[in-house]
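Trainee: Here's the letter readout for the chains.
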Amino acid sequence: GNSVTQMEGPVTLSEEAFLTINCTYTATGYPSLFWYVQYPGEGLQLLLKATKADDKGSNKGFEATYRKETTSFHLEKGSVQVSDSAVYFCALRGGRDDKIIFGKGTRLHILP
Amino acid sequence: NAGVTQTPKFQVLKTGQSMTLQCAQDMNHNSMYWYRQDPGMGLRLIYYSASEGTTDKGEVPNGYNVSRLNKREFSLRLESAAPSQTSVYFCASRVSDMNTYGYTFGSGTRLTVV
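Which chain is which? The protein sequence lines are R and V, in order. If you're matching positions, the first sequence starts at 1 in the numbering used here and goes up one per residue. If you're matching positions, the second sequence starts at 1 in the numbering used here and goes up one per residue.
In case anyone wonders, no lab produced these hints; they're calculated from the structure. Be aware that one or more of the hints could be misleading.
Said to hold, decoys possible - Here are the simulated DSS-like cross-link-like pairs (lysine-lysine), alpha carbons at most 30 Å apart as the crow flies:
1) V/Lys-71 <-> R/Lys-56
2) R/Lys-52 <-> V/Lys-57
3) V/Lys-14 <-> R/Lys-49
4) R/Lys-104 <-> R/Lys-52
5) R/Lys-56 <-> R/Lys-77
6) V/Lys-9 <-> R/Lys-52
7) R/Lys-60 <-> V/Lys-57
8) R/Lys-104 <-> V/Lys-14
9) V/Lys-57 <-> R/Lys-104
Given the structure is predicted, the values throughout are model-derived calculations rather than measurements.
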């Protein structure tokens with residue numbers, strides 16, 4: 001079945017550092033890929049998405065590129081801020097299945 | 001504000017008690033979902049409803065029941081709560097449209113079973 005694997009956290013960085021959170025997936029066909037963010041005490045919010053190979057999703061300075069050859073969708077940001085501290089979830093939606101499958105989440109701490 | 005509303009936000013139950021978690025959305029979305037979030041486990045799908053009048057089991061349905069009361073509302077019931085059901089529960093919805101891919105989530109219900 002479909003699955004998502006993302007790097008375990010917590011990840012701790014200093015403000016203005018470069019961020020990468022790795023995500024790989026297993027799916028049949030051509031899934032859509034997502035990154036969601038969860039701020040403390042809140043529900044998940046869609047951060048960005050990509051629906052086909054080589055698509056780049058971007059939002060709020062974050063980017064992720066759909067790499068079918070490596071089955072990856074790594075999240076990157078060039079200069080993180082304290083306000084980026086949150087839990088980040090990689091997810092996929094595959095084929096005719098209406099459901100989204102989530103990774104286990106990566107907690108990010110940004111130090112001032 | 002438009003979105004997904006969950007009630008209650010917090011609840012403490014004794015083992016064996018029952019309760020219903022309520023979820024309502026005002027975005028005219030067709031599909032609705034219940035997830036539970038546990039440390040180190042991410043989000044796991046409990047039940048979902050692709051449209052009014054239909055419900056299906058997700059990854060972890062045991063111990064739960066659901067009702068899609070109408071297009072707006074999708075409730076989750078615990079008939080006999082167990083400590084293993086201590087978790088944060090999230091409701092989500094989305095339009096069943098090939099051009100719309102993301103979910104809208106509620107802010108969660110934190111449930112503790114003692």
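Trainee: Give me the numbers of the hints this structure contradicts, sorted from smallest to largest.
Mentor: Violated: hints 1, 3, 6 and 7.
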